[in-house]
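Colleague: Residue strings, one per chain:
Protein chains: 2
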Amino acid sequence: MDAHERGYFTEEDSVAVVTGRNANAKDERLREVMEVITRKLHEAVKEIEPTEAEWFEAIQFLTKTGHLCNDWRQEFILLSDVLGVSMLVDAINNRKPSGASESTVLGPFHVADAPVREMGANICLDAKGENMVVHGRILDTDGKPIEGAVIDVWQANDEGFYDVQQKGIQPDFNLRGVFRTGADGSYWFKAVKPKFYPIPDDGTVGKLLGALGRHPYRPAHLHYIIKADGFETLTTHIFDPDDPYINSDAVFGVKQSLLAEFKRTSDPERARELEFAGDFWDVEHDFVLAPAKG
Amino acid sequence: MDAHERGYFTEEDSVAVVTGRNANAKDERLREVMEVITRKLHEAVKEIEPTEAEWFEAIQFLTKTGHLCNDWRQEFILLSDVLGVSMLVDAINNRKPSGASESTVLGPFHVADAPVREMGANICLDAKGENMVVHGRILDTDGKPIEGAVIDVWQANDEGFYDVQQKGIQPDFNLRGVFRTGADGSYWFKAVKPKFYPIPDDGTVGKLLGALGRHPYRPAHLHYIIKADGFETLTTHIFDPDDPYINSDAVFGVKQSLLAEFKRTSDPERARELEFAGDFWDVEHDFVLAPAKG
Numbered sequence: 001m002d003a004h005e006r007g008y009f010t011e012e013d014s015v016a017v018v019t020g021r022n023a024n025a026k027d028e029r030l031r032e033v034m035e036v037i038t039r040k041l042h043e044a045v046k047e048i049e050p051t052e053a054e055w056f057e058a059i060q061f062l063t064k065t066g067h068l069c070n071d072w073r074q075e076f077i078l079l080s081d082v083l084g085v086s087m088l089v090d091a092i093n094n095r096k097p098s099g100a101s102e103s104t105v106l107g108p109f110h111v112a113d114a115p116v117r118e119m120g121a122n123i124c125l126d127a128k129g130e131n132m133v134v135h136g137r138i139l140d141t142d143g144k145p146i147e148g149a150v151i152d153v154w155q156a157n158d159e160g161f162y163d164v165q166q167k168g169i170q171p172d173f174n175l176r177g178v179f180r181t182g183a184d185g186s187y188w189f190k191a192v193k194p195k196f197y198p199i200p201d202d203g204t205v206g207k208l209l210g211a212l213g214r215h216p217y218r219p220a221h222l223h224y225i226i227k228a229d230g231f232e233t234l235t236t237h238i239f240d241p242d243d244p245y246i247n248s249d250a251v252f253g254v255k256q257s258l259l260a261e262f263k264r265t266s267d268p269e270r271a272r273e274l275e276f277a278g279d280f281w282d283v284e285h286d287f288v289l290a291p292a293k294g
Numbered sequence: 001m002d003a004h005e006r007g008y009f010t011e012e013d014s015v016a017v018v019t020g021r022n023a024n025a026k027d028e029r030l031r032e033v034m035e036v037i038t039r040k041l042h043e044a045v046k047e048i049e050p051t052e053a054e055w056f057e058a059i060q061f062l063t064k065t066g067h068l069c070n071d072w073r074q075e076f077i078l079l080s081d082v083l084g085v086s087m088l089v090d091a092i093n094n095r096k097p098s099g100a101s102e103s104t105v106l107g108p109f110h111v112a113d114a115p116v117r118e119m120g121a122n123i124c125l126d127a128k129g130e131n132m133v134v135h136g137r138i139l140d141t142d143g144k145p146i147e148g149a150v151i152d153v154w155q156a157n158d159e160g161f162y163d164v165q166q167k168g169i170q171p172d173f174n175l176r177g178v179f180r181t182g183a184d185g186s187y188w189f190k191a192v193k194p195k196f197y198p199i200p201d202d203g204t205v206g207k208l209l210g211a212l213g214r215h216p217y218r219p220a221h222l223h224y225i226i227k228a229d230g231f232e233t234l235t236t237h238i239f240d241p242d243d244p245y246i247n248s249d250a251v252f253g254v255k256q257s258l259l260a261e262f263k264r265t266s267d268p269e270r271a272r273e274l275e276f277a278g279d280f281w282d283v284e285h286d287f288v289l290a291p292a293k294g
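Note that the protein sequences, when read in sequence, are chains A and B. For the first sequence, the positions run 1 to 294 when this note's numbering is used. For the second sequence, the positions run 1 to 294 when this note's numbering is used.
It is worth saying that the hints were derived from the structure and are not from the lab. Predicted model, so just to flag it, every value in this text is computed and none were measured. Glycine is no exception: its CB is placed at the ideal position from the N, C-alpha and C atoms. Possibly wrong hints are sitting among the right ones.
Chain A is nowhere near these chain B residues, computed Cβ spacing over 10 Å in every case [to be verified]:
(1) ALA25
(2) ASP27
(3) GLU32
(4) GLU43
(5) GLU49
(6) LYS167
(7) GLY182
(8) PHE189
(9) ALA211
(10) LEU212
(11) GLY253
(12) ALA290
Each computed DSS-like pair below joins lysine-lysine, with the alpha-carbon atoms no more than 30 Å apart [unchecked claim]:
(13) B/LYS293 / B/LYS263
(14) A/LYS167 / A/LYS227
(15) B/LYS46 / A/LYS227
(16) A/LYS144 / A/LYS46
(17) A/LYS207 / B/LYS46
(18) B/LYS227 / A/LYS64
(19) B/LYS193 / A/LYS46
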């Protein structure tokens, strides 16, 4: 046997030497995944040619990132987010047929048990912020309305905080609601205009963003999960295209098709109907669900 | 501006969108390193096409690996070791001219203040194990002996444990010593034959090795750091080629040139000179130092 057959390490054969050891993996998918991870990791190291000090800096970065994770904070997900990996995994798992609404990341602030509300309800429970009405239709890819679609919506308030970040300050379930469409597929509800907010930036990920000359902000948005029998569930946002951070979302969640118009509206009669005092924001956005697969 | 110019995320342009944000990085090297890391990470994700559950499994693996790290355990270095990354970084940083001895990984068991001993001393302080004599020369690449070379040697005992792993069981500085060559460049010392041992395998890395059908063992070896004025410092091991794990070192530390002959020797006269009772192991190995760069 020569060195190669024995599996001794050389710089040139590094990938084959390491992945050759995994021939007896218990799970074929794990073996495949580790082959790709090892190969790409070695390619990265060969291209970067890190000094031993740089390698140790990377070890320390990962270690500190791990130490920041606890029951209420997930710094590795933040890292995945700011490197575009979360959006890439979302994209790969949610490729949509032409005409269907696009997905984006779920984010950490969804709660499973938000209250079901009557269509037209105001999900803002503390009357703080600028009034907004949101409306549109849930459609299939042929443009036909979907009856019985369930719309789970949640958003930050006018200061950029979710209720779960301000327990005792905001009412429970503030700016959250679940709505069900009727035969015409339409939905509407009242809320307040959300504000941009930073992802947690006092940890390793925030420090990395700073060193890269990047800010930690996400542009203002509303979150949606929309479900209907016979259709793929859609997890997405709509964004305010006039937000100062719309072209630089720290987690890359923005897509062209997710921009909604936030129209500042002076219409005393409609305001009276909506029980709004004065001007308000009018947001109209249709969602198109893809048919369920196989 | 179109979606691309705005920097909105698409699966196709994912790398350009993410790395385009780093244009204002404070440090050019960091910008370059993050460009490679992002590109290789996205290439890996696109090739693997992880499900969302697999992505989350990876997040949890990294999180648990971080939580296992503390003042005396570094699970991320173990991960780097078993994926061959540590050896690759070592190889890149220690390319040697033809004829010079090759390097391998330092490992976690070196201590900085081991005692300087007289040439020929026995570094085994508890008389446990099979007697061994180790000898050879420190040479330059022209084959000339190097005077004043400092040889720092350390090894596991006959049960596969270093002194620092068995404080109170092994004497302090057991199986460690620092020697200085004379004009002939030769060295020799007495010790006991080391044994193979496992890397810590009760954590995430051990579980990964198990799932990949790999064992956690390192074949028996002696560690060396050899320094001399005007030469590159050499950090290396010598290995027992008859060790059961010689072709499957868990951390890929073995290289063909690092195999030394461990000769079982029956020679009553030499044993008497060495003050050994009975048969012993005779290990002869020369080290060749590369000239210092620039």
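Colleague: Mind verifying the non-interface call on B/ALA211? Its CB should be farther than 10 Å from each CB in chain A.
Modeller: Answer for B/ALA211: violated, closest chain A Cβ roughly 6 Å.
Colleague: Over 10 Å to the closest beta carbon of chain A is the bar; see if B/LEU212 clears it.
Modeller: The claim breaks: B/LEU212 does not keep its Cβ more than 10 Å from every Cβ of chain A (closest is about 5 Å).
Colleague: Check whether the Cα positions of A/LYS144 and A/LYS46 lie no farther apart than 30 Å.
Modeller: violated, 54 Å
Colleague: Is A/LYS207 close enough to B/LYS46, meaning Cα to Cα at most 30 Å?
Modeller: holds, 27 Å
Colleague: Compute the least Cβ-Cβ separation between B/GLY253 and chain A, then decide whether it is above 10 Å.
Modeller: Not fine: 7 Å to the nearest Cβ puts B/GLY253 too close to chain A.
Colleague: Please check whether the beta-carbon of B/ALA25 is more than 10 Å away from every beta-carbon in chain A.
Modeller: violated, 5 Å
Colleague: Say whether it holds or is violated: B/GLU32 keeps its Cβ farther than 10 Å from all Cβ of chain A.
Modeller: Not fine: 8 Å to the nearest Cβ puts B/GLU32 too close to chain A.
Colleague: Does A/LYS227 lie within 30 Å of A/LYS167 when you go C-alpha to C-alpha?
Modeller: holds, 28 Å
Colleague: Does B/GLU49 clear chain A by more than 10 Å, comparing its Cβ with all Cβ atoms of that chain?
Modeller: B/GLU49 is in fact no farther than 10 Å from some Cβ atom of chain A, at 5 Å.
Colleague: For the pair we were handed, B/LYS46 and A/LYS227, check the Cα-Cα distance against 30 Å.
Modeller: Holds, at roughly 27 Å.
Colleague: Is B/ASP27 truly not at the interface, in the sense that its beta carbon sits beyond 10 Å from all beta carbons of chain A?
Modeller: The claim breaks: B/ASP27 does not keep its Cβ more than 10 Å from every Cβ of chain A (closest is about 7 Å).
Colleague: Is B/LYS193 close enough to A/LYS46, meaning Cα to Cα at most 30 Å?
Modeller: The hint is violated at about 36 Å.
In this structure, the hints that do not hold are numbers 1, 2, 3, 4, 5, 9, 10, 11, 13, 16, 18, 19, in rising order.
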